[in-house]
Each structure stands twice: as structure tokens, then as C-alpha cells.
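Colleague: The primary structure of each chain is shown beneath.
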Amino acid sequence: MAHPSRRMPLASLANAPNSPHRPLTNSGSKRPRSLANVSQQENEPPQKRLAVEKNEHPSKRVAVETKMRDTHPPVTPQRQPQPSVAEDRVFERGHGDSGSTAFQRKLVAARDKSAGLRVTKNVDLSTKEETIRTWQKHYRRLFPSFNFYFDGVSEEARSRFLRQIASLGAKEEKFFSKAVTHIVTTRHVPTDTKNANDADHPSPVEDHPQTINPSLLEKNPRGHMATNVRRDGMNQMDILVRGKEMGMKIWAAEKLQRVLGSILEDSAGHGHHARGSTHTTRHQHEDLGQVLRNEKLGTASEREQPFLSLVSFKGPFIYVHDMEEKYRPTMVREYPKVARRSDGEWPQFRSASVGKCPFVEDLAMKKEIEQERKRANLAAMQQQQQREQQAPRTRSHMTVQSTKADPPRRASPRKALGVVPNNTAMDVDVEKKDNRDHGAAERQSSFPPMPERPAFEFVRPAQLHMPREPAASGIQRSNLTSAIQSQMISSTAGTGVKAGTSKEVHHQLKRQVLERTHTGSLSVGSIPSSHRMNDLAGALKTVRAPAPQRAAKSKAQEKLGGIQEEGESHADDLAAERAMQSTRRKKVVKRDPKPGYCENCRDKYDDFEEHIVSRKHRKFAMTQSNWTELDALLSQLQAS
Amino acid sequence: MKLAKTAKGLLKGLAPKQSEQKTTKNSKTSKTSQTPNTSRTPRHVVLSPPDPRNRPLREAARRAAEAQRAATGKAAVIPGKRPRHDMGHPATAIAIHEDEDVSLRETRRLDKSATKEMVPPHSEEEDSVEGSCYSEESEDSEDDIDESVVEDMRKLEENFKGISQRYRLINRIGEGTFSTVYKAEQLPQPDEIDGPDENVEPADDSNPDMPPSKRRKTNAAVGMARRSRRKPQMVALKKIYVTSSPHRILNELELLHELRDSPYICPLLTAFRHLDQVVAVLPYFRHLDFRLYYRDFLVNDMRHYFRSLFNGLWHVHKAGILHRDIKPTNFLYDHSRREGVLVDFGLAERQGTDWQPCLCTEAKERRREKFLNSFAVQVLQTQPDLISTGYPKSDSRPSRRANRAGTRGFRAPEVLLKCTSQTTKIDIWSAGVILLTLLARRFPFFNSADDVDAMIEMASIFGRKKMQAVAAMHGQLFETNIETIGERGFTLDKIIIWASCREKDHESLRAGEAQAVSFLQGLLELDANKRLSAKEALQHEFFTAPVEDEEERAEREAQEALEEAEGTRRY
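Keeping their order, the protein sequence lines are chains H and F.
Residue numbers 259 to 898, in the numbering used here, belong to the letters of the first sequence in order.
Residue numbers 6 to 576, in the numbering used here, belong to the letters of the second sequence in order.
Hints are supplied without guarantee of correctness; some may be wrong.
Stated by the list, open to error - A few chain F residues facing chain H, derived, Cβ under 10 Å:
| # | residue |
| --- | --- |
| 1 | 395 |
| 2 | 399 |
| 3 | 474 |
| 4 | 476 |
| 5 | 500 |
| 6 | 565 |
| 7 | 567 |
Unchecked claim - Take a look, some chain H residues computed to stay more than 12 Å from chain F by CB distance:
| # | residue |
| --- | --- |
| 8 | 429 |
| 9 | 437 |
| 10 | 645 |
| 11 | 857 |
Unchecked claim - Mimicking DSSO-like on lysine-lysine, the simulated pairs with C-alpha atoms at most 30 Å apart in a straight line are:
| # | chain 1 | residue 1 | chain 2 | residue 2 |
| --- | --- | --- | --- | --- |
| 12 | F | 398 | H | 395 |
| 13 | H | 595 | F | 470 |
| 14 | H | 632 | H | 595 |
| 15 | F | 160 | H | 862 |
| 16 | F | 398 | H | 429 |
| 17 | F | 160 | H | 874 |
| 18 | H | 852 | F | 499 |
| 19 | H | 595 | F | 471 |
| 20 | H | 852 | H | 877 |
| 21 | F | 535 | F | 471 |
| 22 | F | 540 | H | 584 |
| 23 | F | 375 | F | 499 |
| 24 | F | 499 | F | 398 |
| 25 | H | 572 | F | 398 |
| 26 | H | 862 | H | 874 |
| 27 | F | 535 | H | 584 |
If you're looking for bench data, these hints aren't it; they were derived computationally from the structure.
Ideal Cβ placement from N, Cα and C applies to all residues, glycine included.
Use the sequences and the hints to build the structure in full.
Modeller: Structure, rendered in C-alpha cells:
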């Protein structure tokens with residue numbers, strides 16, 4: 259076992275102690291040799307391979323393998339006691355796992371990982387990482403020259419392999435021929451070439467099933483490997499035997515799996531080894547991405563895709579993604595970093611007066627707060643100025659000053675309130691007890707202040723009492739692409755706004771008029787806090803908002819204009835605006851084109867009115883056969 | 006004051022003659038009384054938050070409108086409501102609203118004809134239950150009709166053969182993503198109906214033709230149908246946009262038809278089609294706009310509201326149907342009758358449509374194992390801080406697909422997570438959002454400009470841990486480092502106390518509220534499997550063993566007394 263000639267190529271060993279030096283020679287100058295090494299390794303007795311696996315897994319293997327693993331031939335315990343001393347040394351994590359199957363170990367590894375044990379156990383991390391990287395580079399270089407022949411591999415596994423090897427540039431040979439460089443088998447690999455002379459005699463340790471008759475195997479799903487038909491001798495006509503004679507490498511399926519896994523996934527997964535060298539890791543990813551792209555790997559497996567190229571998070575983000583990474587992220591959004599979280603653009607609890615959405619900054623309230631603040635500033639400034647120069651100040655001057663000191667901006671209520679002396683911020687912190695495991699990282703969550711009733715008894719525009727009602731959206735039918743869908747959603751948002759706004763604005767306008775005599779100040783509407791310009795719906799809203807507003811406004815004016823005889827006190831206020839009304843009215847009459855999606859024509863349209871008279875649409879409407887089913891129901895309804 | 010003459014003229018042109026004169030007269034009446042009233046209201050707001058003590062003042066204001074009010078029976082205030090926690094003053098807002106309504110000629114005419122008996126010529130109390138009259142979704146309460154609406158109605162009447170013989174369109178009362186709803190008067194039908202729309206004829210008589218049980222229910226619950234041969238019946242015409250596929254329309258009408266037997270679901274009277282235009286006819290259901298009352302519902306009111314809502318949901322769910330768009334707009338609630346009906350099944354679907362197994366359908370242990378061994382989890386565990394450092398740049402993987410139809414802010418977590426095996430529980434969540442809205446006195450509670458925002462808002466309440474757990478249920482990883490999303494989140498009690506802006510002495514929930522919150526917890530349960538079903542909800546102690554503290558009882562009794570007084574006076 260520990261025979262030097264059978265030693266595994268270090269390059270393929272993730273955690274060989276001396277690997278940092280070895281791979282250089284191996285991969286560099288001695289390619290053919292290392293190839294040979296690979297085959298050597300392959301032909302080693304299974305125990306050794308297992309030991310290798312055992313070792314490799316905990317350190318760098320990830321999920322796919324876990325899945326593969328459970329269909330692999332179980333490792334019988336009696337094989338375990340035999341690892342050489344050298345192996346023991348190499349596989350630091352090998353001990354303690356004996357008796358378990360690879361799969362079980364896998365699970366253990368996963369558990370270990372989740373428990374955070376892993377990192378602490380890996381001693382010479384950078385060394386290992388170096389090794390892995392070298393090894394990966396090596397294999398990636400070699401892969402394009404490989405031609406695989408699959409022997410007894412299930413269809414499902416084969417197709418998965420195919421995708422993966424294709425991604426690395428290798429090919430499959432459908433028929434056994436000289437072109438084959440590697441045979442991938444689910445059977446046990448015949449004993450190593452070293453013992454070619456005694457190929458018929460399994461090595462002493464291998465007193466267990468080795469191969470089975472391929473004819474039996476062919477139909478066997480790979481999961482049946484556990485029930486290997488025992489064969490003591492090698493059939494000379496066996497593909498494995500012949501392949502070996504022809505100098506082909508014979509890989510167990512799990513070997514290929516392992517190699518692929520190590521090249522593809524572990525290139526990302528081993529990042530944990532390298533706390534201090536993440537940049538190299540990233541480089542690695544990009545490198546791999548490059549490779550994959552060069553291979554024109556359009557439909558690559560779900561596995562490697564995420565690593566094509568990562569957009570790294572810089573600011574606060576939310577990232578909801580599939581556990582198997584089969585789908586693109588369900589949600590991902592990043593927000594600009596901010597010093598104060600209340601400045602963050604993401605939705606968060608804001609100070610909003612009662613009745614209003616707590617996630618939307620309440621401009622009316624903000625205004626109130628700011629006024630308070632200004633007053634405070636003003637007072638402070640006055641004092642200061644009095645101290646500095648005893649000269650009296652004009653009111654306007656002071657206002658200018660205070661405005662300067664307090665530029666209009668999207669100040670957070672929290673911030674603003676900080677200055678308000680009599681504010682009683684109501685911070686509810688339910689998490690203080692809960693800080694143990696997250697320490698500094700623990701976010702302290704708290705509510706922004708809400709107004710106490712007496713503190714904010716300000717005049718509120720009627721419009722604020724009528725929050726707009728969102729319209730339904732999100733229909734997803736099979737014939738819609740997501741692009742269309744988003745279009746549709748945004749278009750409904752547009753119409754929704756129009757529907758909801760006109761009245762609000764109308765109210766607001768009336769109120770505005772009425773209030774002019776009372777207060778003179780007015781806040782207009784509220785802007786969603788999480789307004790993102792790259793959000794289509796949001797952008798659309800912003801774009802479209804003015805139009806209905808305008809429409810409603812002029813309408814309201816018109817209304818107001820129409821009741822002169824009632825002598826409204828503020829009719830004058832509107833006189834000027836009414837003068838401009840006629841021009842505006844024309845615009846109003848011309849309706850906003852309503853974009854959307856027509857399910858019947860399966861077309862997006864820019865203007866509803868235009869679309870529904872289009873030839874295509876009319877044709878649909880006129881085609882009786884489109885309506886037969888519905889008509890049946892209608893007549894039933896009408897009869898009932 | 007705000008009569009859009011042009012709009013009106015246009016409409017008149019369209020409207021049948023006989024109603025026209027009435028209309029004109031009415032609007033004049035309203036004009037005069039309305040002006041002073043309206044201008045007074047804002048002052049109200051300034052001066053005082055409404056409060057029972059202010060009642061005399063408000064009443065005085067209202068009396069101004071009395072005469073014409075008598076004719077209209079219009080009043081939109083829920084009685085006995087004392088806006089406890091808000092500075093706002095729902096009453097004033099409502100007053101404005103109400104005044105506008107007053108001048109709405111259609112409403113008036115409607116009231117006259119349809120609800121005459123409930124409106125005594127002389128009513129002292131404006132904010133009567135009766136007043137929860139035919140207030141509409143916002144559009145209808147405008148005293149004028151939007152030009153574009155007039156135009157749309159004209160088009161519909163012109164283009165839809167025969168419709169103008171049967172219905173006189175009055176105003177738009179709702180506009181959705183896939184349809185516009187008009188209020189219309191069903192015209193008395195002479196026996197001759199012309200042309201190809203012959204088949205439509207039954208529409209007018211559809212009520213009489215309905216199965217008796219249904220009709221009764223409709224009449225009772227729907228409150229519209231107090232019709233005599235003479236009196237016009239009000240209906241809601243739902244104009245389904247022609248861009249909707251026949252299949253979608255079929256789906257909606259079919260489901261509605263199937264659910265016709267519940268008094269909690271707005272029945273489909275009939276429907277007809279002209280070319281690609283389909284119009285569904287539903288009874289017009291008297292209700293108040295949610296935005297007028299969400300700020301001052303008593304817990305007791307919530308009980309009635311939700312009992313009705315969950316009865317509706319129970320019926321829908323029992324039939325294996327997901328409504329998918331539960332929200333206040335789609336539950337028309339008549340406060341005076343303590344009854345509501347579910348409307349708009351445009352997004353509804355049968356459970357199991359496009360069903361794909363989602364991780365959430367597996368047993369907990371299996372789920373856990375699969376999750377822990379999943380690729381992304383394994384990868385994540387290799388990350389230094391157990392958090393992803395980035396996301397794929399050019400991602401050609403397919404998107405997860407699932408039906409996520411619904412309204413922003415009301416989508417259940419599993420909808421946001423694109424669960425492929427959604428159940429009727431999504432409606433329960435949405436109902437929970439309504440309750441949250443009422444308890445917190447904030448509408449909308451969630452802004453949720455999109456699903457990402459929705460997720461963040463949800464996470465702001467529930468915290469990262471729970472969001473991670475629910476994402477994991479559906480086979481996903483939830484990661485965020487957004488500061489305002491806490492590890493544990495907040496309890497709903499805290500949220501409600503905070504959001505409803507208690508005065509200092511009310512820093513805790515009152516007994517009834519606490520019970521409502523415990524109910525709410527069953528509704529806003531992130532795990533759909535643990536979330537209450539409609540049936541379970543109805544068995545919750547919130548309904549079966551209501552509690553209230555003294556103050557709450559006092560409020561309730563005051564309200565009831567008021568209603569009773571009005572009731573006796575009015576009937």
C-alpha cells in the first residue's frame with residue numbers, strides 16, 4: 259500500500275503536506291507523467307481512494323457530491339483499518355470517520371461545517387489552497403484533450419457528467435474506440451496497472467467484489483452497485499480490461515465526479531480556506547468563468563453558473579436565492595451605503611403620521627419636524643448672534659440663515675427629531691437581550707419616532723387621508739415572458755396611479771385653496787421612500803404622475819370656476835389659473851396612452867386605445883372560435 | 006361648487022331623459038347647501054380633532070346640509086367612532102367626502118328610489134349608520150364625473166350593442182388592472198329587445214330569475230336589491246378589458262358562478278359579450294370606502310368585519326379556490342349591516358393550478374435535510390461570515406416561476422418567494438394584512454412598491470431569523486445585511502402600539518386589542534402550514550369568546566346606542 263510507486267500524485271491531492279512544491283514540477287514539465295499518475299491513482303486499491311475521498315471531502319467538497327455519494331458503492335468497514343501511515347498523515351481528518359460510508363461522512367462534514375468546526379481544523383490552509391488551485395489549473399488544461407467513454411453510468415448521471423465535461427472542453431465517445439482516453443465506470447476499477455501481470459489476482463486487500471459482468475451492469479441503474487456480482491477474475495474482453503491494455507485511464511464514476519467537483523465547484527467552495535486571500539479566490543472564479551465562456555457554454559449546468567462572475571455586494575443588500583442555485587435569484591437588490599441607516603433607501607419604518615403607511619416618509623410630518631427644528635435652530639442662532647453682534651436682525655435675514663444651516667433635503671425624521679427638544683422618541687428595542695452570538699454585527703433595530711398626538715396637531719391635507727389603493731398585478735401566465743410581465747405590472751401601476759391620484763389631488767387642491775387663507779403652507783403628496791429609479795414601475799410612476807395631476811387640477815379648477823355664483827371666498831385665487839385652463843384642457847382631453855400587454859394578441863402595446871382597434875386585435879375579436887367556450891358559459895348565466 | 010358642467014352635460018346627453026331633470030334639480034339643491042358646509046369642514050380639522058365632545062359642533066355643521074341630506078340620505082360617518090389615536094379626524098375627512106357625495110346626483114336619485122324607506126326626511130344625526138350609504142370607491146363620490154370616464158362610458162354605450170337599452174351608466178366606481186367597474190341603473194325593460202342582444206334580456210330580470218335562495222341572499226346581503234318593479238335597480242357593470250384573454254374571463258365568471266351560493270360573495274347576475282368586450286353584471290353593493298373608516302374601527306367592528314370576511318373566504322376556500330386578491334377594495338363592507346361581500350375574482354384560481362411541488366410540501370425533517378445539504382447552503386457555509394459576497398453577473402439561469410398575482414402589500418411570503426405550491430392560505434395572509442391595517446390604523450400598512458420592497462418590509466417586522474426560516478421552507482436562502490432588519494424582529498404588539506401612536510398612558514394593548522393581536526398572529530404567520538385556515542379563524546376566540554375592557558365596552562355601547570337610536574328614528 260504505502261509503496262512509493264503507488265503514491266498518489268500530489269497534484270491531485272488537495273491536502274498533501276508537501277504539495278506546494280510538487281505540483282509545480284508535475285503540472286509544468288511533466289504532463290504526460292502526471293497523466294500517468296492519474297491513472298496510477300485510479301488503479302490503486304479502493305481503500306486508498308476512499309481514504310483520499312474521505313480526506314478531500316471534508317476539506318473541499320460540496321453539495322453535488324453529497325448527492326452522488328448516496329448511490330455510490332458503500333464502503334465496507336473492514337477496508338478502513340488499512341490506510342498507510344503516510345495516508346494518515348496526509349489525511350488529517352481521516353481518523354474518527356472509520357466505519358461510516360462516504361455519504362455519512364459527507365453529512366458529518368456538512369454538520370461540522372455548519373457548526374463552524376471546519377475552519378479551525380484546517381491548519382495549513384493557504385498551503386492547501388495553493389495545492390488545489392494548482393491542481394485545478396492542471397486539470398483544466400488537460401480536460402480538453404480527454405475523450406470519455408461511459409461504462410454502466412446511468413443516463414441521468416451521464417447527462418450531468420456530459421454537461422460538466424463539456425464545460426471543461428472534454429468530449430464523450432459514444433462508442434468504445436481508440437479515441438477514448440478515459441473510461442468512466444460505475445464498476446470497480448480493475449487493479450492497478452502496476453500489477454498488470456497479476457491482473458487476474460486481486461490484491462490481497464481486495465477480497466471483495468471487484469467488477470461485475472458488464473452485460474449485467476448495462477441495465478443496472480447505478481444505485482445497484484451495492485449488489486455487485488462478485489467476480490474474482492478479470493474478463494479479458496471486458497472493456498475495462500481492454501481499455502487498460504490500450505492505455506486508457508479508467509475512472510470510477512465517483513472519481514470523475516470528484517475531479518469535476520473539485521475543478522468546478524470547489525474552485526468557489528474552497529474560498530473558506532483562504533480567509534486572507536480572497537482576492538485570489540475571486541480571481542480563480544473569473545478565470546473559470548473565462549474558461550467556461552470560451553467553451554461557449556451557453557447552457558452550462560446550474561452548478562458552475564453562479565461563479566461565472568460575481569457582482570460583489572458593497573452596500574446593504576437583500577439576496578434571496580435558490581438553495582440549489584438552479585434558478586436565478588428570487589430577489590437581489592443592493593442599496594447605496596449610508597452612514598445613518600435612516601438615510602438608507604430601502605424600505606424601513608419611518609415616522610409617519612397616523613393613518614399613513616409606516617414605511618413611507620411622511621412629508622407632512624417631516625415638514626412639521628423640520629419646522630420645529632428650524633425654530634430650534636433659529637433660536638440657537640439668535641442667541642448666538644446676539645452674543646456675537648448685538649445688532650438686531652431682520653426676520654428675512656434670519657430665515658435665510660436658517661435655511662442655509664438647514665438645507666432642504668431628505669432628512670431623516672430621526673435626525674430631525676434629534677434636534678427637537680421636546681421630542682419623545684419611542685425606541686422600542688426588542689433585541690437587546692438577544693445580542694449574544696452576533697455581537698457587534700447585531701443590528702439594533704428600533705422604531706423611528708412616531709408623533710405623540712399632541713405634538714403633531716397640525717393641519718393635514720384631506721388628500722393624506724385617502725391613501726391610494728394599489729392595483730393588482732403580477733399575473734403570470736405561461737405565455738408571458740418576464741419582461742412583458744414587468745411591463746404589464748408597470749403599466750398597471752401607471753393606471754393605478756391615475757385612478758387613485760385624480761381624486762386625491764382633487765382633494766388636495768380643494769384643500770389647498772381652502773387652506774390658503776388659513777395657513778399658507780402645504781405639503782404635497784408623499785414620495786415612496788424606496789423609490790428606485792431602476793425600478794421600472796417606480797420610474798414609470800414618476801414619469802406619469804404629473805399628467806393625471808395636471809388633469810385633475812385643471813378639472814378641479816374648472817369645477818371651481820363653475821360655481822362662481824356661489825361666491826367662494828377663494829375664487830380669486832383661481833382666476834389666474836383659470837386663464838390658462840383652456841390650453842391645459844386640450845391636453846387633458848388627449849388621454850394618456852395606456853401601455854400594457856394584450857393576452858389575446860400576445861403583444862405589448864403602447865397605447866391601449868390604439869391597440870384594440872388594430873387589425874390583429876380586431877381579427878381576434880371577430881373570430882368566433884375564440885369565444886365559443888365563453889359563450890357557452892354566458893348563455894348559461896343568462897338563462898339562470 | 007364643483008360641478009363640471011361639461012361633463013355633466015355630456016352625461017345628460019347620454020342619459021335617458023327622465024332622469025335628467027331630476028338630476029339637474031338635485032345638483033342645484035346640493036350646491037347651495039354644500040358650499041358653506043365644505044368650507045367649514047377644514048376649519049374643523051384645524052380646531053379640533055373630532056371627539057364625541059365635538060359632536061354638537063359637527064352636527065351643527067351638518068345641519069346645514071340637512072335639507073338636501075334628507076333627500077339623499079347621505080352620510081358617511083360611522084357612528085360612535087371616536088378617533089382615539091389620531092390627530093386626524095376621520096370625521097372631517099368624511100364630512101368633506103360626504104358633502105361631495107351629496108351633490109352626486111346619481112347617488113341621490115339612487116337613494117331616493119332605492120333606499121327611500123330608510124331615509125326619513127328629517128334626521129338629526131348625520132353620522133348615521135344609514136349614512137354609510139352608497140358611498141363608492143373614490144371615483145363615484147366625486148360630484149362631477151371625470152371627462153375621461155364620461156368618454157369611456159359613452160364609448161361603452163355606443164359600442165356595446167344593446168347595453169344602453171338595459172342599463173344607464175352612472176359613473177365609474179372602480180378601476181382595476183383588468184377591468185373598470187361602473188355603477189349603472191338597470192332600466193325597466195319593455196318586452197321588446199332588439200337585435201342580436203336578445204340573449205341579454207334576461208339580465209334585467211336576472212334577479213327574479215335567480216334561484217330563490219340566491220335571490221333572497223342577494224337581496225338581504227347585497228342591500229341593493231330592494232327593488233320593486235318600478236324602482237330602478239342599481240348594478241355594477243364590470244367592463245373586462247378586451248386585452249384579457251377569453252380564458253381568463255371564463256375563469257373569473259366560472260368561479261363566480263360556482264360560488265354564487267354564498268351570501269358573502271357578490272353574486273354574478275349575468276354577463277354578456279359583444280365582440281371582444283365582456284361585461285359582467287353584479288348587484289351594486291352598498292358599502293363604505295375602507296379609507297373612510299380604517300382609522301377608527303373599534304375592535305368590535307373588526308370582529309364583524311372579519312367574521313364576514315372569513316365566512317366569505319371559508320366558502321371560497323372550501324370550493325378549493327384561491328381568491329388571490331384579498332384587500333379592502335375587494336371586500337365591500339356595509340357597516341350598517343355588518344356585512345360584506347367578496348368581489349373581484351379576476352385573479353382567482355383553483356388550488357392546484359400550475360402546481361409544482363415546492364420544498365414546503367415535504368415533511369419538516371426531510372425539508373431540513375434537503376436544505377442543509379443543498380448546494381447553496383454548502384457554499385454559504387464556506388463563506389467567512391456565512392453570508393454571500395455577491396450574486397452572479399450575467400445570469401442565464403431560468404427564473405423561478407410561480408403565480409404571484411395579487412396586490413402589492415397584500416402578498417403572502419410564499420407568494421413573494423414564488424412558492425410553486427401555493428394554497429388558499431395566501432388569502433388568509435392578505436386578510437391578516439387588513440387586520441394589521443385596522444389595528445395599526447395605517448393604510449396601506451405595507452407600501453411594497455415591488456416584491457423586493459415587500460420582502461424588506463416584511464422582514465422589518467419579522468426579523469431575519471424568521472425570514473430565513475420561511476425562505477428555507479420554500480427552498481431558498483434569505484440573506485440580508487440591511488441594518489434596519491433585526492435578528493428577531495418585533496412582536497406584532499409592539500408594531501401596533503408603535504404604529505397607532507398611543508398616548509403615553511396607553512402604552513399597552515387593551516384587552517380587546519390584545520385578543521385581536523393574538524388572532525392577527527394566527528393570520529400573519531409566515532409558515533403557511535401553521536397559518537390559520539378560514540375555518541380555524543372563525544373558531545378563534547376572537548370571534549367565539551370576545552373580550553373587551555371597560556373602555557372598549559363603553560365605546561361599543563355608545564356606538565350601539567347611537568345606532569339603535571338612529572335605527573328607531575329612521576325606520
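Colleague: Decide, hint by hint, whether the structure agrees.
Modeller: Do the hints match the structure? See the list:
Look at residue 395 (chain F): its Cβ gets to within about 4 Å of chain H, closer than 10 Å, so that hint holds up. Because the beta carbon of residue 399 (chain F) sits about 7 Å from the nearest beta carbon in chain H, less than 10 Å, this interface hint is met. Violation of the interface hint for residue 474 (chain F) is found here, the shortest Cβ-Cβ separation to chain H being roughly 13 Å, above the 10 Å cut-off. At its closest, the beta carbon of residue 476 (chain F) sits 6 Å from a beta carbon of chain H; the interface hint therefore holds under the 10 Å criterion.
With a least beta-carbon distance of about 8 Å to chain H, the hint placing residue 500 (chain F) at the interface is held under the 10 Å criterion. With 10 Å as the threshold, the beta carbon of residue 565 (chain F) stays out of range of chain H, its nearest partner Cβ sitting at about 25 Å, so the hint is violated. Evaluation of the residue 567 (chain F) hint against chain H yields a violated restraint, the C-beta minimum of about 23 Å exceeding 10 Å. With a least CB separation of 23 Å from chain F, residue 429 (chain H) remains clear of the 12 Å interface cut-off, as annotated.
For residue 437 (chain H), the requirement that its beta carbon stay farther than 12 Å from each beta carbon of chain F is met, with the minimum near 31 Å. Interface exclusion of residue 645 (chain H) from chain F stands, the closest Cβ pair being 37 Å apart, more than 12 Å. The beta carbon of residue 857 (chain H) sits about 4 Å from the closest Cβ of chain F, which is not more than 12 Å, so the claim that it is off the interface is violated. The hinted pair formed by residue 398 (chain F) and residue 395 (chain H) meets the criterion: a straight-line CA distance of about 23 Å does not exceed 30 Å.
About 23 Å separates the Cα atoms of residue 595 (chain H) and residue 470 (chain F), which keeps this hinted pair within 30 Å; it holds. With a C-alpha separation of about 28 Å, the suggested pairing of residue 632 (chain H) with residue 595 (chain H) holds against the 30 Å cut-off. Under the criterion of a C-alpha separation no larger than 30 Å, the hint pairing residue 160 (chain F) with residue 862 (chain H) is consistent with the structure, at around 23 Å. The suggested pairing of residue 398 (chain F) with residue 429 (chain H) holds, with an alpha-carbon distance near 28 Å, which does not exceed 30 Å.
Distance check on the hinted pair: residue 160 (chain F) and residue 874 (chain H) sit about 21 Å apart at the alpha-carbon level, within 30 Å; holds. Distance check on the hinted pair: residue 852 (chain H) and residue 499 (chain F) sit about 42 Å apart at the alpha-carbon level, beyond 30 Å; violated. For the hint pairing residue 595 (chain H) with residue 471 (chain F), the CA-to-CA distance comes to about 25 Å; that is within 30 Å, so the pair holds. Distance check on the hinted pair: residue 852 (chain H) and residue 877 (chain H) sit about 21 Å apart at the alpha-carbon level, within 30 Å; holds.
Restraint check: the Cα-Cα separation between residue 535 (chain F) and residue 471 (chain F) comes to about 13 Å, which is no more than 30 Å; the hinted pair holds. Annotation: proposed proximity of residue 540 (chain F) to residue 584 (chain H) is violated, straight-line Cα distance about 37 Å (limit 30 Å). Between residue 375 (chain F) and residue 499 (chain F) the alpha-carbon distance is near 35 Å, which puts this suggested pair outside the 30 Å criterion. Using a Cα cut-off of 30 Å, the hinted pair residue 499 (chain F) and residue 398 (chain F) is violated, with the two alpha carbons roughly 40 Å apart.
Taking the CA atoms of residue 572 (chain H) and residue 398 (chain F), the gap is near 14 Å; set against the 30 Å cutoff, the hint holds. Between residue 862 (chain H) and residue 874 (chain H) the alpha-carbon distance is near 12 Å, which keeps this suggested pair within the 30 Å criterion. For the suggested pair residue 535 (chain F) and residue 584 (chain H), the alpha carbons sit about 28 Å apart, so the restraint of at most 30 Å is met.
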